[in-house]
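**Q** In order, the protein sequence lines correspond to chains A and B. Count the first sequence with the working numbering and you get residues 1 to 149, in order. Count the second sequence with the working numbering and you get residues 150 to 861, in order.
Just so you know, the hints here were simulated from the structure itself, not pulled from any lab data. Given the structure is predicted, the values throughout are model-derived calculations rather than measurements. Honestly, I wouldn't trust all of these hints.
Claimed, not checked - Simulated pairs of lysine-lysine, DSBU-like, Cα-Cα distance not exceeding 35 Å: (1) B:K521 <-> B:K794; (2) B:K558 <-> B:K427; (3) A:K69 <-> B:K448; (4) B:K460 <-> B:K384; (5) B:K794 <-> A:K69; (6) B:K427 <-> B:K499; (7) B:K715 <-> A:K69; (8) B:K715 <-> B:K846; (9) B:K460 <-> B:K473.
Listed below are the residues making up each chain.
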Amino acid sequence: MLQLIVNGQSVDTDATPDTPLLWVLRDHLGMTGTKFGCGAALCGACTVHLDGEPVRSCQLPLEAVAGRKVTTIEGVSADRSHPVQQAWMELDVPNVATVSRGRSCPLPHCSHATLPPRTRTSMSPCPATSAAAVRIRASAAPSTAPLNS
Amino acid sequence: MKQPLSLSRRELLKASALVGGGLMLGLALPRRATAAALGNAGGQPVAWLRIAPDNTITVLVDRSEMGQGVYTSMTQLLAEELEVEPAAVCVTAAPVGAAYSNALLGGQLTGGSTSVRDAWEKLRRAGAQARTMLVQAAADHWSLPASSLYASGGAVYDGRGHRLTYGELAESAAKLPVPKDVVLKPASAFKVVGKPHKRLDTGIKVDGTAVYGIDVKLPGMLHASIEQSPTLGGKLQSFDASAAEKMPGVHKVLATSNGVAVIADHYWQARKARGALKVTWDAGANAKLDSAKVSATLKAAATAAGRTARKDGDATAALAKASKVLRATYQLPLLAHATLEPQNCTADFKAGRCDLYAPTQNQIFAQLVAAKAAGLEPAQVEVHTTYLGGGFGRRLEVDFIAASVECSKTVGRPVKVIWTREDDMTHDTYRPAFHDEIAGGLDAEGQLVAWHMHITAPSVTARMFPSILEQTVDPFAIEAAANYAYDVPNVHVDYLQQEVGVDVGYNRSVSHAPNCFVVESFMDELAHAAGKDPYEFRHGLLARQPRYRHVLEQAAQRGNWGKAPKGRFQGISVMEGYGSYLALVAEVSVDRGHLKVHKLTCAVDCGQMVNPNIVAQQTEGGLLFGLSAALWGEITLAEGAVQQKNFDTYRLVRMNESPEIVVHLVESSEAPGGMGEPAVAMVAPALGNAIHAATRKRIRALPIAKQQVVKI
């Protein structure tokens with residue numbers, strides 16, 4: 001049995017240590033908000049926060065996250081009130097949104113609707129989510145972080 | 150599909166009370182019309198609307214929500230006449246039923262950018278009929294004339310302080326006859342249709358609670374991972390499951406219609422155990438197929454004449470007499486669909502019944518295929534359509550359905566099959582490759598007098614709807630080509646079907662993207678040959694096409710055509726597709742050979758809109774979809790297998806690579822056009838034309854990354 005902290009709650013799982021965190025979340029814990037798109041850490045659909053930093057959970061084995069804090073889309077807010085969620089709803093661009101996790105899990109201190117540097121390399125699912133990024137970027141204050149990070 | 154099938158226009162509206170009260174309102178097409186189109190699809194009356202006694206209103210939407218916004222737009226159409234707020238309504242996916250047939254497609258399918266066009270009048274009528282019955286029920290209750298009452302916000306009022314909610318009225322309304330004739334509101338009175346209502350699915354997608362096919366959970370459900378043939382069209386010969394069967398969590402290993410399935414408690418267990426299978430395959434007819442052969446096959450075939458798709462005047466003679474003749478060969482590759490949610494299906498087989506949960510665009514075929522796999526009648530299969538993580542035409546296929554039923558039937562428990570990204574990319578139905586020969590003739594004054602376009606490509610329709618080809622040239626191979634709109638007296642367009650050995654499929658915008666690339670690139674070549682500005686050249690040839698001309702003007706104006714900043718270059722494209730007119734100005738720079746796409750300015754005239762915000766989203770999303778294909782999109786084959794396996798080798802535009810996109814929507818009172826797909830087609834030609842402006846080099850094949858004209 002391994003233990004991890006998901007959205008502030010301690011959970012035990014009997015998934016094998018090599019099971020990617022993505023499948024621990026989706027299958028063992030039944031939390032399907034984090035999505036499977038490629039299994040190769042290329043698309044960003046599986047993005048969660050590990051100790052506050054965005055990571056691609058499809059290639060992160062359970063044993064690497066045991067005892068650590070995981071935040072999923074389910075834990076970003078209880079009521080869609082996180083600023084990035086609010087920005088998405090304001091601009092009304094979920095479109096496919098099966099892989100918007102990479103975009104809706106910003107750093108906790110992000111207080112306006114810009115996308116933090118690491119999530120900018122997430123792939124566009126239906127490219128409409130890139131369109132969402134276009135809208136969100138256009139509506140937010142300019143960021144000084146380099147775009148190709 | 151351009152022409153609606155010839156179904157009887159008579160409608161039969163049935164209403165019946167739910168057990169426990171409530172109104173169900175149905176719209177059923179005559180049984181024989183459905184049977185003529187589909188065989189035994191069944192013709193039970195079904196409902197659009199459920200109104201519960203507590204006034205909860207549920208709309209059943211029969212079109213698949215793949216991000217294109219139909220759950221919202223269909224609800225808006227119904228809500229307009231029903232006099233309810235869309236945000237106050239619950240949406241649920243409709244089951245399979247004759248009433249849910251798309252008249253433009255001939256079955257319960259979502260595709261061809263037809264949903265709004267199909268539902269435009271149908272759902273408003275249904276809403277008006279329901280409202281009329283509810284008002285009449287109130288009139289009966291109050292002993293007042295119905296004309297003295299009005300409906301608003303889900304209730305009926307007498308104007309003197311009395312109110313009855315739809316919930317209170319539903320049971321008695323359901324007993325009333327359904328009015329045959331209803332008067333619909335004029336567009337000037339619309340309160341819901343045409344307004345940028347917030348989408349109904351935004352919240353659940355932003356908080357992760359929306360259930361896509363891949364998210365389905367059923368009690369006792371097991372997971373399956375399937376080893377498929379490495380070559381396209383290969384056949385299973387034998388397999389040794391002895392190692393796989395012993396692995397943790399594994400329940401069963403079996404041969405299915407997709408390949409060898411490993412069923413286990415959890416997905417990861419199934420996936421791992423699948424790696425322990427020993428499988429032998431008969432590589433099949435494609436064992437030696439490679440991309441060079443595909444290209445060579447099309448090129449060799451292209452010397453023969455095809456079926457004529459358009460003939461005005463005599464293009465051959467006019468070319469022979471022309472002062473200047475340009476000829477060119479254009480080529481486009483196979484493409485993948487790459488829905489971000491990989492193919493998946495969940496089946497729950499029980500004696501006498503099967504529940505199917507799938508991200509399908511094709512409820513009617515899914516039901517038939519599942520029934521066959523289950524050994525049941527179609528009416529015994531209930532199809533639950535989930536949200537789709539992208540459709541793009543991939544989910545019109547039903548190749549991922551049967552195996553889940555076969556698995557569930559074998560183990561007696563619900564089974565969810567999930568394809569890996571590699572499974573998905575290497576077992577797609579690919580967008581056809583095209584080989585086009587094109588010629589244009591200019592007279593001594595530089596006027597375009599002849600146009601000859603010869604298209605050679607494999608046919609999706611020949612596999613999916615072959616009966617169409619008995620009557621007509623494949624309509625899905627000649628889009629944006631046969632409708633050549635420029636004012637040229639001699640136009641000849643023909644299409645030659647040439648198969649290349651792999652299954653090809655309908656991929657967002659179908660033949661619009663390949664054909665528009667060729668047409669609008671070659672128009673650019675002719676403009677340059679005539680010494681004319683590409684915008685002026687086109688504009689002059691659209692004098693009799695006001696809707697084309699208007700979007701061209703708008704895109705040029707808003708895109709600052711001819712006034713690009715120093716170092717920036719522009720290209721233009723214009724097209725009609727799905728009844729919508731679009732024009733695009735692309736603005737690029739090429740810095741030491743490196744391409745940067747700065748801005749896309751798109752003008753759209755799609756007639757009357759249900760939701761302008763959704764139209765803008767579909768324009769933006771379609772442009773980016775087309776941009777990915779234009780820059781990098783290519784599926785290659787070697788030894789009968791697809792070489793691209795994941796997004797490292799099949800690239801899609803990333804968020805930080807998106808150009809600035811400006812969309813201008815034309816206000817119009819024309820009939821609605823479809824917008825799910827046409828924007829896709831605009832990008833490659835506008836981009837190619839801009840690159841030519843920057844480099845003087847012409848792009849005649851895609852993807853751009855492979856043409857050694859610019860680095861990307």
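**Q** Please go over all the hints and tell whether each is borne out by the structure.
**A** Status of each hint after checking the structure:
no., hint, in the structure
1, B:K521 <-> B:K794, "holds, 31 Å"
2, B:K558 <-> B:K427, "holds, 24 Å"
3, A:K69 <-> B:K448, "violated, 58 Å"
4, B:K460 <-> B:K384, "violated, 44 Å"
5, B:K794 <-> A:K69, "holds, 33 Å"
6, B:K427 <-> B:K499, "holds, 31 Å"
7, B:K715 <-> A:K69, "violated, 51 Å"
8, B:K715 <-> B:K846, "holds, 19 Å"
9, B:K460 <-> B:K473, "holds, 21 Å"
Hint compliance for this structure: hints 3, 4, 7 are broken, all remaining hints hold.
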